[in-house]
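Given the structure of chain V, go ahead and fit chain R onto it with the hints provided.
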Amino acid sequence: MKSKRGVLTVFVVFAVLLSIALSGCGGKKADPGPQVSPIRIGIAGPMTFIHGEHMWKSATMAANEINAAGGVQVGSEKRPIELVSVETNEILNVPDAASAIERAISVDKVDFLLGGFRTEAVLGMQDVAADHETIFIITGSGHPQLTMRVGEDYEKYKYFFRTNPMNSSNMARATFLILHEVATVIREDLGFMQPKVAILAESAVWVDPIIAASEQQMPAMGLEIVGVWRPSANATDLSAELSAISASGAHIIFTVMSGPVGGPFARQYEELQVPAAVAGINVDSMGGKFWQTTGGLGNFVSTLNLVGRVETSPHAIDFFDRFMDIYGEIPVYTVATYDALNILVGAIERAGTTENDAVIAELEKTDVPAIGGRVVFTDEHDVTWGPGYVTGLGTQWQDGELKVFWPNGWEGIKYEGTVRYELAPWVVEFWK
Amino acid sequence: MMQFIAYLTRKLSRDFHGEIISLPTRTILVTAFLALLLLPLFNSNTYILRILTLTCIFSIYAASWDLLGGFAGQISFGHALFFGVAAYTSALLNLRLGLPVLVTIPIGALAAVLSGLVLGLPGLRLKGPYFSLASLAFPIIMMGIVFTFPQLTGGELGISGITRLAATRVREYYLSLMMMLTLVLVMWKIVTSKTGLIFHAIREDEITVRASGINTSLYKMLAFIISGLFAGIAGGMYAHFMRVVGPSTLELIMSLQIIVFVIFGGIATIYGPVVGVFILYPLMEYLRVVPEYRMLIFGLLVVLVLRVMPEGISTFVQDLLEGECPRCKERNAFTRSACRICGTDLDSHTHLNFLKRGA
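The listed protein sequences correspond, in order, to chains V and R.
Residue 26 in our numbering sits at position 26 of the first sequence, and the numbers go up by one each step.
Residue 120 in our numbering sits at position 120 of the second sequence, and the numbers go up by one each step.
Any given hint might turn out to be false.
[Claimed, not checked] These stretches of chain V come out as covered by chain R in the derived footprint (C-beta under 8 Å, 3 or more residues):
1) 88 to 96
2) 99 to 106
[What the hints assert, rightly or not] Below 25 Å or equal to it, Euclidean Cα-Cα: the simulated SDA-like pairs (lysine to any residue) are:
3) 109/V x 284/R
4) 189/R x 342/R
5) 189/R x 229/R
6) 156/V x 95/R
7) 109/V x 164/R
8) 414/V x 171/V
9) 109/V x 171/R
10) 109/V x 39/R
11) 156/V x 161/R
12) 156/V x 379/V
13) 189/R x 321/R
14) 156/V x 99/R
15) 158/V x 414/V
16) 289/V x 284/R
17) 156/V x 164/R
18) 109/V x 167/R
Derived by calculation from the structure, the hints in this document are not laboratory data.
All values reported here derive from a predicted model rather than from experimental measurement.
Yeah, the Cβ is synthetic: ideal placement off N, Cα and C, and Gly gets one too.
So that you can see chain V by itself, here it is in the shape it has in the complex (with noise of 0.2 Å):
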């Protein structure tokens, strides 16, 4: 009887859950707007962490603009937007990311893709992509091999673009760059002419790189490297390689974090008074509710950044204070996903049709004022990275607020709301 009662209630919760699965199924859809066959568009991400969650709500910022606008003028119709959320779980699992891209494509019907975010996971979503001839517009990843392939063989991967973030190379001359306006800063408020620098680098394999390009252009840009630490990329505890740095007399900590440990460094860096300014990248850091996790405690912390308000763009401050607003979260830089879905709708209006090859040829001319900078393809569908385009900036926290402080004069460049970068006042106190 036991047994009985065992299996009907298997049965029966097995019922009551699918039920609920069946209440919810389709998934998460932003307004439709007009039943009058909308334009379907995936927005795929791991939408339970920050980075797809911020790519879906600014994929709804723009397509509810689109949809109250009237639509994509496509020919002499007018088309709604229809936002379809392709859960890729890519952090965890990589093989349900290609999956849900073929759902998205063949089940829910998805004219056009935006997101990707984990390298691994974008590469086996581009072959699916291609597979079934859909544009994707890549707004998470930046590892240069993704638009490598677009070059490699194009006939296949021309469907591919990435408007955000710019390629990592690249990112790692922004940090660079960056890195010298902190020692600019040193050498002016400090007299310290020849800064010595402390790496303070993840031990995650991505970072080797990093280390090795610091150790050649470290010395070249006048700066002294007094050593390297790498906790774990996870680590809730810096007070070792604090309290080592601090002794080291370094002037400089070039953080190199992608990982939880950003959080707990910028905790420690202010509790501890760590005498040095920090450069670098520090994910973590760059936005969303960083200042919460943080208690307040991650003042002077600064990072290679793609989103800041500044007028990078004549639509950035506002889409940037909009974003605040509706959401109370300050944007990751995933939300680039705006202007992609932006860029796509002015490709498609431009080709008068959502076939592919002429929406492809429209964005290969695209040039607009995004939210990073200013958007122009290479030959490659990459985002063009230097002076006049994208560049990347250098923000740093400042009383609760995320300032931008680079690029500050460099080849000419300085966006409108750029402050200067601000020494710690223990930092200060410490080498006057």
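This is chain R only, laid out in the frame that chain V set:
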């Protein structure tokens, strides 16, 4: 000639009736297989074929774990070693040397066996939980090697641009389905052979087996090699199907999720893991409609099913629909009153399992 064909038809018909139709679970399995075989004729949606192709590949992988863990009792938490090594080897041979799929997959599987031997020789000297814990380290060591030689392995990014498993999705599906059927049948034949009996015995009482004059270390190593070979074939197929091979093939989740599949389906059965994968993998995909609750629903279902069916769903269903003859130990459908082999009266012994369970 005609007489021979007539004889063959009669024999096949008799075997089909005696060995398949007479047992409900086998009838279910054959019907399911026929349904899978005919599916592309009615629905050739690439997404559905993709999920079923991956399901076939993971079925081979899960059954290979069952051979080692379920039959030989060597519970491995690092089975992804075989899968990952074969995937990387197949990908490299295909990309660098331009070898075709039919060559890269077997060589990949052999490379998996070789790596298993290198790590398994010292590992298999450990027993019980010590072996399980040590096996956790196997794929981690391999991942270290992957990251040490990024020029060769692609490092974090992995290897991409690999040749497809077959030219079209339908062909990939049929290839995987036939491979799954063949390899699972081979594994089933192995575990039901004398060698399989020794694997069983080692799991139950290794000391007694050794006292009987059997070299248990040799047989454990044999189980390790056979299991690694099949897991390697699955890894190679996966590489060519996904067309990207990266460190994710060696991640812990690759080792642990198949254990869930095996236990859910029914451990030490070979066909149980296949049933487990065919239920759980598509279910996980179906639950994409509620991405926020996907893992929660999945976890709850697994826990609930195992609470009621601790020996796995296939064993539960088999016990429900079939009973064992007390005399000849052959299985019979619950509807039979006499054994189909020896004619022993079953009513007084097994009498309608289905009703007995509810009584």
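Against the structure, the hints:
1. 88 to 96: Answer holds; 5 residues pass the 8 Å Cβ test.
2. 99 to 106: holds (count 6)
3. 109/V x 284/R: holds (20 Å)
4. 189/R x 342/R: holds (24 Å)
5. 189/R x 229/R: Holds. Residue 189/R to residue 229/R sits at ~15 Å (cutoff 25 Å).
6. 156/V x 95/R: OK: residue 156/V and residue 95/R at ~17 Å, within 25 Å.
7. 109/V x 164/R: holds (24 Å)
8. 414/V x 171/V: holds (18 Å)
9. 109/V x 171/R: Holds, because 23 Å separates the two Cα atoms, which is no more than 25 Å.
10. 109/V x 39/R: Within the cut-off at roughly 21 Å; holds.
11. 156/V x 161/R: Answer holds: residue 156/V to residue 161/R is near 11 Å, not above 25 Å.
12. 156/V x 379/V: Judged against 25 Å, a Cα distance of about 15 Å means the pair holds.
13. 189/R x 321/R: Holds, because 23 Å separates the two Cα atoms, which is no more than 25 Å.
14. 156/V x 99/R: holds (22 Å)
15. 158/V x 414/V: violated (34 Å)
16. 289/V x 284/R: Cα-Cα ~31 Å, so violated.
17. 156/V x 164/R: Measuring from Cα to Cα gives roughly 14 Å; hence the hint holds.
18. 109/V x 167/R: holds (23 Å)
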